[in-house]
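These protein sequence lines are chains A, B, C and D, in that order. Position 124 of the first sequence, counted from 1, bears residue number 850 in our numbering, the numbering being contiguous throughout. Position 187 of the second sequence, counted from 1, bears residue number 913 in our numbering, the numbering being contiguous throughout. Position 334 of the third sequence, counted from 1, bears residue number 1060 in our numbering, the numbering being contiguous throughout. Position 219 of the fourth sequence, counted from 1, bears residue number 945 in our numbering, the numbering being contiguous throughout.
Hints were generated in silico from the structure; no laboratory data involved. It cannot be assumed that every hint is accurate.
All copies of an identical chain are treated as equivalent in the list; a pair is satisfied when it fits inside any one copy or across any two copies.
In silico DSS-like pairs for lysine-lysine, Cα to Cα no more than 25 Å straight-line [as the list claims (entries may be wrong)]:
| hint | residue 1 | residue 2 |
| --- | --- | --- |
| 1 | Lys728 | Lys896 |
| 2 | Lys896 | Lys997 |
| 3 | Lys868 | Lys812 |
| 4 | Lys812 | Lys904 |
| 5 | Lys868 | Lys997 |
| 6 | Lys997 | Lys812 |
What follows is the residue order along each chain.
There are 4 protein chains.
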Amino acid sequence: MKTVRIGMIGSGYIGRAHAIAYSQAPTVFPLNGALVKAMLADVSPERADERARELGFLRSTGDWRELVSDPEIDVVDICAPNFLHKAMAMAAIRHGKHVYAEKPLALNAADAREMVDAARLAGVKTLVGFNYMKNPTASLAKEIIANGEIGDVVHFYGAHNEDYLCEPFKPADWHCCKETAGLGALGDLGAHIVNMAQYLVGDIDSVCGDLQTVITQRPSHAGSTRWVQVENEDQAHALVRFANGARGVIETSRIACGRKMGLTYVVTGSKGALSFTQERMAELKLFLQDDPAHRQGFRTLLIGPLHPDYAAFCSGAGHGIGFNDQKTVEVRDLIDGIAADLPLWPDFEEGWKVSRILDAIVLSHQMSRWVTVDEIG
Amino acid sequence: MKTVRIGMIGSGYIGRAHAIAYSQAPTVFPLNGALVKAMLADVSPERADERARELGFLRSTGDWRELVSDPEIDVVDICAPNFLHKAMAMAAIRHGKHVYAEKPLALNAADAREMVDAARLAGVKTLVGFNYMKNPTASLAKEIIANGEIGDVVHFYGAHNEDYLCEPFKPADWHCCKETAGLGALGDLGAHIVNMAQYLVGDIDSVCGDLQTVITQRPSHAGSTRWVQVENEDQAHALVRFANGARGVIETSRIACGRKMGLTYVVTGSKGALSFTQERMAELKLFLQDDPAHRQGFRTLLIGPLHPDYAAFCSGAGHGIGFNDQKTVEVRDLIDGIAADLPLWPDFEEGWKVSRILDAIVLSHQMSRWVTVDEIG
Amino acid sequence: MKTVRIGMIGSGYIGRAHAIAYSQAPTVFPLNGALVKAMLADVSPERADERARELGFLRSTGDWRELVSDPEIDVVDICAPNFLHKAMAMAAIRHGKHVYAEKPLALNAADAREMVDAARLAGVKTLVGFNYMKNPTASLAKEIIANGEIGDVVHFYGAHNEDYLCEPFKPADWHCCKETAGLGALGDLGAHIVNMAQYLVGDIDSVCGDLQTVITQRPSHAGSTRWVQVENEDQAHALVRFANGARGVIETSRIACGRKMGLTYVVTGSKGALSFTQERMAELKLFLQDDPAHRQGFRTLLIGPLHPDYAAFCSGAGHGIGFNDQKTVEVRDLIDGIAADLPLWPDFEEGWKVSRILDAIVLSHQMSRWVTVDEIG
Amino acid sequence: MKTVRIGMIGSGYIGRAHAIAYSQAPTVFPLNGALVKAMLADVSPERADERARELGFLRSTGDWRELVSDPEIDVVDICAPNFLHKAMAMAAIRHGKHVYAEKPLALNAADAREMVDAARLAGVKTLVGFNYMKNPTASLAKEIIANGEIGDVVHFYGAHNEDYLCEPFKPADWHCCKETAGLGALGDLGAHIVNMAQYLVGDIDSVCGDLQTVITQRPSHAGSTRWVQVENEDQAHALVRFANGARGVIETSRIACGRKMGLTYVVTGSKGALSFTQERMAELKLFLQDDPAHRQGFRTLLIGPLHPDYAAFCSGAGHGIGFNDQKTVEVRDLIDGIAADLPLWPDFEEGWKVSRILDAIVLSHQMSRWVTVDEIG
């Protein structure tokens, strides 16, 4: 059985989720490879050491460059802030490592493209952490659509709304700064719903977007009377057209009061419809036009062992699936793909596609017109 | 007490709703005027006679021109197909009648404008049947927004989706034909959600729209093998910008499988949010950012006697409000306004505003660019 | 066409609902008889006169005895407080009137029995205002069960909880007094859910109940410092066994904070289940075990024209049904039954059955043991 | 840091959940002790060996007696079928092991009592796997009640309904047999909701129950034409009275079509109410009577980092919590309690209390009368 040694960079919000997933994955799934939490890099040796002990990594370093070049590492897992993704991934690729990177893959599509090309050239595998598509409920939605159970998709509504910046006096942090975050809500949240649209419906080929920074200035830090400019969008929405003819709308916001985990989608087909919200991540609503007319209605499917990927967590239907369980499915895909030398999905190519669509939405906004995704190059 | 004599044209789907509202309104509300169901016009004398007896009108006629010129009629109530609204309203106005017309007011904004001007010149009162804004729950939403309880509105999502044409083999009817219906989903359903957006948030000043006829041909009639062209859109969606700076999205579809009465809106403010769906027309979800952080959540308000217009129907909260009850509130506004010589709302001016926005969405689609509503003239 | 002349006693909460239903019923339904709102009796001639004009009755009286003996009245409709039901009904029956009485039919089963016997002897028709079973959604539930779509019923959970007396400083009113109200929550609310259980599942034949007065003393009236005893139960619950072998639980409360119209039921069958709450009175949840295992789920049926009694209100599914619409169906049954000389349902016999079950629950509580309904006599 | 070496017996449904929890707990929480998955016992050496490798235990044995006497084991974790709990626990206690046992603690209260006494005498710690009370949402409910936010509890409705035996042709398995399972739905599911009632409201002191075996015979095994008797109840319900004066109802069923994880409760207080269903395990509905009357409504709290135990899983509110996360909280309690020599909760005493209540419900059913829990001894 092949051993897969993970080197993780960063241990914040999402890094902890990765660590938890690494811990439970080998017990949940019969993995094809032996997963080792080999090394953790963080901003200082002290912090890296402390976090490595907390999260169960064998070694640690205060210098990510050491990690990416370490010969005892097979996969570099990038959980660092957005603006570092590219440099870290390129370095890892140069050292022949497989790369597992959080979303958004890069600050823009051009950077993402370089990363795709470098990985392809180096022959390493890549995976982007679009974890919501790893939710068994999303896989069930995909299965239903792929089976044709709702017919041809004619419409997609998708949103990823949260409210983490809805308070106007909340200080500007790295999210609000172009250099560190790139895009605002679009990059942080929109990337997920664009990815979901691509996953469930197929390629988006043109967009017409509108972006807005609602809270244009924020305190520089808590308690400060100095106000700084917010450099990227608080909310964005776009009309979209898919290559297969479906149409739709995509929305995202980081100031949507009350939406804590507002990733939601409604997929309308010629013979049915699906509706989902991540705040109820273990249920999917399904309408089938073929049901007898007087007994039609959206039915609430509770995710269970007859559906994709759930049985490994629990034998009982409807018992619930959590946030880290999605990451655990993602880690299963990572380890199995590397151990068995199979393609990973969604790879950097897919991450680039998402970046391209986000860039097209921005360009569309700047030009006040529809933009085809191919214009982004 | 002034008597208000109604002459109604048409007795189909919505005409019946009007008749039911006329019947119950004087019992539900202490009206300022005495409502008389004076005359009904329909497509033939026989049908008009039969329907008048069924719906409780005193007289009937097979010729609507007779009705609009009858001296014993105070209000002409137009429940005929869309393409007849203008001619009927103009004739009624010429005879000095107040006019209560169903939506969409006309097939396009230019026609609607002529109607507004004619009514103003003649000094008659007008009312358009945007009944969903008469739902006490919508009035509650309006009150909450107007009070500033959710702060400044920053985003509006609105949809009016139904599925009455989702079956591809359902024959083309008058809805599918430009001459009789004008617009498709936009005119039939979109008018309602545009009206709601204007009511709750304020004037929309620019739009970017996308329209699509998904089922491009349909049987000419049931069982026929002759297929005819569908001439207007099955679904449409638009980015919108409001005069007050809020942004949003509006969607409509007549092929949205499973949506039976899918008028829905989410209004996001700087300090809270509202969420509503007409399929649960007696409840409104309200999120208040000012609630203690660890006890925040969307609360489900059940419409009750402490809210607008409900107490007249029932003294107990949460006992439910029905489709025809909305029309009953509308009829209350009609009779009270005419009896007391007060302005009616939403009047033809408002109907024209909605038409103008719909036309702007269509133009935007044709030109593939943003359109300001003022471009429509 | 036979004329049916209504004499209504009382014009409070439920009297208004009756009046609204009388007003709209002839427009909503093609009734078999001509309904006339002939006379209203209330506590004084002045009030009766004022209310008759408001609610559209032709004549009025301050003395209900005058009404029940009036030769121009066909149906006596009793909307007076509970403790008067019996005397009024008996008087009406003596004068050969049909009787339409609100629930609970009487203060106890013995009284109800006298009323049944008197009506039978006099050959008059009777109807009890258990309006929630007239909700088209309840009729749909009944239809589904009767068709065997959920198999044999094995369990019934039913509740009718409200919160109108949850505030401890709310003064004691007639509800709290044995002489005027008889039972507390059981009589006022429990009667409805017991009726629903009988309607949907069949006869209850034994019960084991528990009653509790939680707020034992209340101010005698608003602002008073004098406290009076609450004489009947705030909440009650009972185990029940049905004649057909099904088992279940029934609950009721008038102090259930937050429940505004908490009539709710879950019917479990051998092949499916139904779930309903009156706060969402236009939808029914249906689970069918025969659906494919991986696509099972409770489906939300929106009441529509393919279901019982709805089409008369609206041709569009899911457009909503209100509280007074239930009464309108009830009035349809009343008028049609009387005009065509057909049995009415639920009649006094059914009202007595409900009273008997309520009395059995009380007896069971007093005796701390199971009681068969037959013990009540 | 103290090491806590786990010896687990059984690796089926719930054993896997324990193993997953052991795997993720040290990463999720900063445990006070070092957890070691030391040994797994199963029905044969081969199966034990295979499962130990799958689930990550260091050693294995085909004889549980070997495990309980192994000097290198600190905690014996019993995930074996119900009928073995007692013997295993007693043996473990004799060897001075702490015991972590799945529910129901024993087949009856008398057995449970022996276990309590033995553990107390031996001075070992005990924990029962009532994992649903470890759901952060349940802890939030507890906190709200304990704070008095909903006032004094006046009513509890609780159910734990599932449908795993709703198919009449599903063969009888160990669940259906008194010798192996003891009680039916009551022991398997009812134990959870009784525990939850005790946790949220306090001690139940008398009950009146009704039990029913609906499907009295089942095939002896799949495809068999031999039918065997089902020896315990399919459904049960009970009226309950709490020591603090609250009243309520508890229900359980294993044949409740459509209920996949139907643990649900509604707690009504004098100033508010709570409502929860495990199928939406990450949300709690809260009604506060103190909200302004016209803005009252049940609010949906999404579990988040401001609530108990959640932040360790995810920093973002509403991101979701899964079935195994509950067990992970339970394991945190186990390890921390043992490492720091603190009491565990719910311990065998609490397990015995639950057993006693279940036995009282059965006795009540047999005697057709109310039973005080103290009668069970």
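Consistency of the hints with the structure:
In this homomeric assembly, Lys728 and Lys896 never come within 25 Å of each other (Cα to Cα): the closest approach is 47 Å inside a single copy and 42 Å across copies. When the C-alpha separation of Lys896 and Lys997 is checked against a cutoff of 25 Å, the pair qualifies only between copies, where the shortest distance is 13 Å, while the shortest distance within a copy is 46 Å. Taking the closest pair of Cα atoms, Lys868 and Lys812 never come within 25 Å of each other, the shortest separation being 30 Å inside a single copy and 47 Å across copies. In the homo-oligomer, the alpha carbons of Lys812 and Lys904 lie at most 25 Å apart inside one protomer (15 Å), although the nearest pairing across protomers, at 53 Å, exceeds that limit.
Proximity of Lys868 and Lys997 under a CA criterion of 25 Å is satisfied intra-copy only: 15 Å inside one chain copy versus 29 Å between copies. Taking the closest pair of Cα atoms, Lys997 and Lys812 never come within 25 Å of each other, the shortest separation being 43 Å inside a single copy and 37 Å across copies.
Against the hints set out earlier in the document, violations occur for numbers 1, 3, 6.
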